[in-house]
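S.K.: Next come the chains, spelled out residue by residue.
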Amino acid sequence: MDGLTLFGTWIAAFLTLCILSFLYKDNPFYKFAEYLFIGVSAGFWIAYNFHNLLVPNLIDPLFGADGAFPKLVREGQLDIRLLTVIAGLLGITMLFRFFPKVAWVSRYGIAFSVGLGAGLMFIVYLQANCIYQIWGTVQLSPIVITESATGWHFDWGASVANTLLIIGVVSALVYFYFSKEHKGLLGGTARLGIWFLMVSFGAAFGYTVMARISLLIGRMEFLIDDWIKETLIALGLL
Amino acid sequence: MKFVRWLADIDRRIIFVVIAVAVVVPLLFPLGMRVKVTPQTQTIYDEVENLPGGSNVLVSFDYDPAAAPEVHPMALAFLHHCFQKKHRVIIMALWPQGAQMAVSAMAEINRDFDLEYGRDYVNLGYKPGGAIVIKSLGNSFAEIFPKDMAGRSTATLPLMEDVSNLYDVDLVMDLSAGVPGITEWVIIANALFQTRTAAGCTAVSAPQFFPYLQTGQLIGLLGGLKGAAEYETVTAYAGKASPRMDSQSVAHVVIIVFILFANISYFILRRKREEGSGGPTARPPTSA
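Those protein sequences? They're chains C and S, same order as listed. Each step along the first sequence adds one to the number in the working numbering, with nothing skipped, and position 121 is 122. Each step along the second sequence adds one to the number in the working numbering, with nothing skipped, and position 125 is 136.
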């Protein structure tokens, strides 16, 4: 690791320790790292979005070397890309939110993006997340017979899994049916639905713990391998 | 009883220290725990294995450095497997920093393979728009990505001559840490264009994608560090996820022990209080 990279690693290690110091209690080092992160992130996103969104999609097509306006001046040829101009104008309307008197103008831009998003996603979302899921449940058989070299046999594992899945889906759906009081058979099924929901929340919690520990492992590995070991190597102690 | 009371009111900082020790010690002294490969990982492996050599695999890098400890190892293991099977890889990103993560991954992969840019793989870079980008890829790659990440015209890249739209892609692998990500690829690429889709994601988001596995909308799913370690195991790739699973497992055991102790001490103390007051009483939770 060269000197400059090692210097960067030291800064990263210092900031990591600043953030981790919050585990003891809130302190100025943590605050410093937190504010620095927010500031750097905001600056990064502004610059990134300007160069990757505005420049290639709006500024270059209109004002770049081969853009519409330079062409108009150079060749007298009107080559306005109408869609680019409309998109640019809709984007500018969004900025009107900063001026309370004309803030209503921003609704045009927002309405366009909401309408576009809804129109694009509505059918496919319904198809992928509703129709496919209904199909996935109704095509399940609670009795699964499989063929092997020794002949046909009852597959206990698949049968139990399918049965649980069907019961789980139905009972969880019943829990969210509020048009009738949850009493009797309906109430019992809804209570069973709660159990299935609790199991799914437990699984989600378990996965969340795994994710957080993974991030901690990543940071610890950075501190041990990239910071301590590389520093010792640079000092000739390892 | 004193011990039980101490356990119930234990300082959270002691828990942090124990977790830190549980994570660091296995990193310094690896235990070499075995990683069991689950069916949802095996199916991705089988899919890559069964594709004929030279197939077009699209890998979408939809994550940033914050999710790298979990998702980056699966990117490396998957890319390694693809190039081992001589597949051609099209890289793109729906997340701004995803393209850079891909550059970092390819720098590592290039150490093991003699790959030629433009023939064996291309990096089309980042394109904002999420679902709209995927939908447009169903019509044309060239329209959405006229240039690659380095600014070269994609029309001049040999690999892209054979790939005009998503119908020419044999497998999509989405490596995701949020939105846009797996949901968009499933509901657009798979549902609309019937593209075979697999995914890898952070552990936090994995449970919400399991229904897609059961319906076959996803071929397979790598969930978090465990998913990455499984893919390393099944492909025999010496990556970083498998050694990290030692720390993960030890930390999980420690957390389970803490949860058990907390519950046992809670119920013992509640019983004591009920006996003392002659009936059940509500008790505010302890600070620990």
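It should be emphasised that the hints constitute simulated quantities derived from the structure, not laboratory data. Cβ atoms here follow ideal geometry from the backbone N, Cα and C, with glycine treated the same way. It is possible that part of the hints are untrue.
[Said to hold, decoys possible] What the simulated footprint calls covered on chain C by chain S, stretch by stretch (three residues with Cβ under 8 angstroms from a Cβ of chain S suffice, anywhere in the stretch; the number is not a length):
no., region
1, 130-143
2, 189-196
3, 200-213
4, 221-228
S.K.: Each hint should be assessed against the structure and marked as holding or not.
M.R.: To see whether the hints hold, each was checked on the structure:
no.: 1; hint: 130-143; result: holds (count 5)
no.: 2; hint: 189-196; result: violated (count 0)
no.: 3; hint: 200-213; result: holds (count 8)
no.: 4; hint: 221-228; result: holds (count 3)
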